[in-house]
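Asks: One line per chain: the protein sequences are A and B, in this order. For the first sequence, position 277 matches number 261 in this note's numbering, and the numbering has no gaps at all. For the second sequence, position 265 matches number 249 in this note's numbering, and the numbering has no gaps at all.
Source of the hints: derived by calculation from the structure; they are not laboratory data. Do not rely on the hints blindly, as some may be mistaken.
Claimed, not checked - Under the rule of at most 25 Å between Cα atoms (straight-line distance), these lysine to any residue pairs were calculated in the SDA-like manner: (1) A:K39 - A:G21; (2) A:K109 - B:H14; (3) A:K9 - B:S113; (4) B:K107 - A:Y20; (5) B:K36 - A:I64.
Claimed, not checked - With the C-beta cut set under 10 Å, the calculated list includes, among others, these residues of chain A facing chain B: (6) L16; (7) T26; (8) Y59; (9) M68; (10) N156; (11) S284; (12) K288.
What the hints assert, rightly or not - Some chain B residues flagged as far from chain A (calculated, every beta-carbon gap over 12 Å): (13) N(-5); (14) K71; (15) F194.
For each residue, glycine too, the CB sits at the ideal point set by N, CA and C.
Okay, here's what each chain looks like letter by letter:
Protein chains: 2
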Amino acid sequence: MISKLIDAIVNKKAPVVAGLDPNLKFIPEHILKEAYGERGETLEGAADAILKFNKGIIDATCDLIPAVKPQIAMYEQFGIPGLMAYKDTVDYCHEKGLIVIADVKRGDIGSTSESYALAHLGKVKIGNSKVSPFDADFATVNPYLGTDGVKSFIDVCNENDRGIFVLVKTSNPSSGEFQDRMVYEGEGSEDTGELDKLEGAEETAQSPLFEVVAKKVREWGETSMDGTYSNVGAVVGATYPSQGEAARKLMPNTYILVPGYGAQGGKASDLKVFFNKDGLGAIVNSSRGIIAAYTKEPYSERFKPEDFAEASREAVKDMIKDINENAF
Amino acid sequence: MISKLIDAIVNKKAPVVAGLDPNLKFIPEHILKEAYGERGETLEGAADAILKFNKGIIDATCDLIPAVKPQIAMYEQFGIPGLMAYKDTVDYCHEKGLIVIADVKRGDIGSTSESYALAHLGKVKIGNSKVSPFDADFATVNPYLGTDGVKSFIDVCNENDRGIFVLVKTSNPSSGEFQDRMVYEGEGSEDTGELDKLEGAEETAQSPLFEVVAKKVREWGETSMDGTYSNVGAVVGATYPSQGEAARKLMPNTYILVPGYGAQGGKASDLKVFFNKDGLGAIVNSSRGIIAAYTKEPYSERFKPEDFAEASREAVKDMIKDINENAF
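Just chain A, same shape as in the assembly:
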């Protein structure tokens, strides 16, 4: 699946993904009014508004971008109707030829991770039939539970030609709290039920936790290669370029999904370190910067709320130009 994503990035000259995170406060009044008029100020009304808003943005940008990244929390907060809008969004993106990165940040013990993997990337067996429940192309995965929590995802990826992006260094302000913590490089204990107090620990190498996770991602990735790159990617925030540089070196064949550009503060010049010399290796996400463009300068001067989708198209063009000019 990563080779399919790379082909789309190269063809469109756009290492860019649009984050479809439709917070109600980003949705223009005329869409809300129509949806609430038809379905009331209910979960169903909110879900209708989200889907209408998404379709506008997808229609206006699908020829420019290779992929979208819906953040499922924004749909899950509207319960079952919200998740139906999520599923309809995934399907609509596929109809428009877009690759879908499901930002679900799931992760659990092995057998439970398998269920999440089947839900989002695979097929569940029901009697003698097999069904794809949510049918995304990639999913984001939380590594805190270790290998058995991630391996189930990789197995499902290998069976269905799908991919994952594992959280390595996230873009948020508190991400350093645990992820930058200096740790010993030696293996953690596994399955012993005992604390392995490392003997002579002061002599072993030290690195931040996210680097230990990055090395695991590289190792996991070797079990799912698809051309030069692996179907096991990583998430590293644009807001932390020095960690990005370290992560890039530790995972040469890993695609990096980079959130945090734009609204969260990451600049295109910060992105250089995330790319490999082949011009590949990273795909940059922007959510609010694209979907709420009509509310922000310079677009708010040129576009009315009714023209939100056109504003998003302009924002995508500007983002692609910015990255191609300043990130290489």
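Guided by the hints, dock chain B onto chain A, whose structure is given.
Replies: Same frame as chain A, now just chain B:
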């Protein structure tokens, strides 16, 4: 909310939670046949079977136990119909007076975590109305993203009298890979965009990562006290009693949700370290051991698949007896 859970535990003399993780392979043939007959071998058919199975177990055990813990992955794998069965299960448990711990293991950057928290524990605002999407009493939370990813949950808990259990040391075989890794106690970097290579690091105290997380849980918990205990609890697996002992000492006012008893290998005598001297402080989960009891000795000899719910009731009684006799 934790005081409500404690009252229920004390009243029923049962520090026990039933894990409602309805894998299709645990569901008796007669239920599957009926559901598939009505709805086909479809997501809807699987969801119907799950809900019927759950209701049987809930009816047979609700007078004995204070709480249930549905694992949402088991429902999410059946897409929208599966999640409808999840929501119906939550509502049915509430009708029967049970407290619901949503095992969702969500966690994201602050603003996104807020959406997850509203989805599972709070109310979303839609126009001028407020709606509870999934309406559980507790949710499990992944701490890998740090304070801003957890604080949004706590804020929603404080507004709605709900609680969370933060993953500290999980029950699975690979949990030590990162969670037992020896780390420096000094703070990780926060919001600097730079790697803080700790100077003189060899002189600072060292402890496993899960202990650093445990200390954060205690700190977070102080912002949501509800009597002696906090609404911010922790997850520590029964499969790791020595880590459980360390976690108990580091978080004296934190309730610990203990998975891993029974099918995963944890024994009642291993559970002593998880309880405080007041006989409180821990609630032990069993999933397969309860819901699939009719497939396992000694229950499989006495109960037919048609009597699965009665087998679950016997398994719950035996579990409560085992814990009350051997875990204190």
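Asks: Which hints, by number, does the structure contradict?
Replies: Of the numbered hints given earlier, those the structure breaks are 11, 12, 14, 15, listed in rising order.
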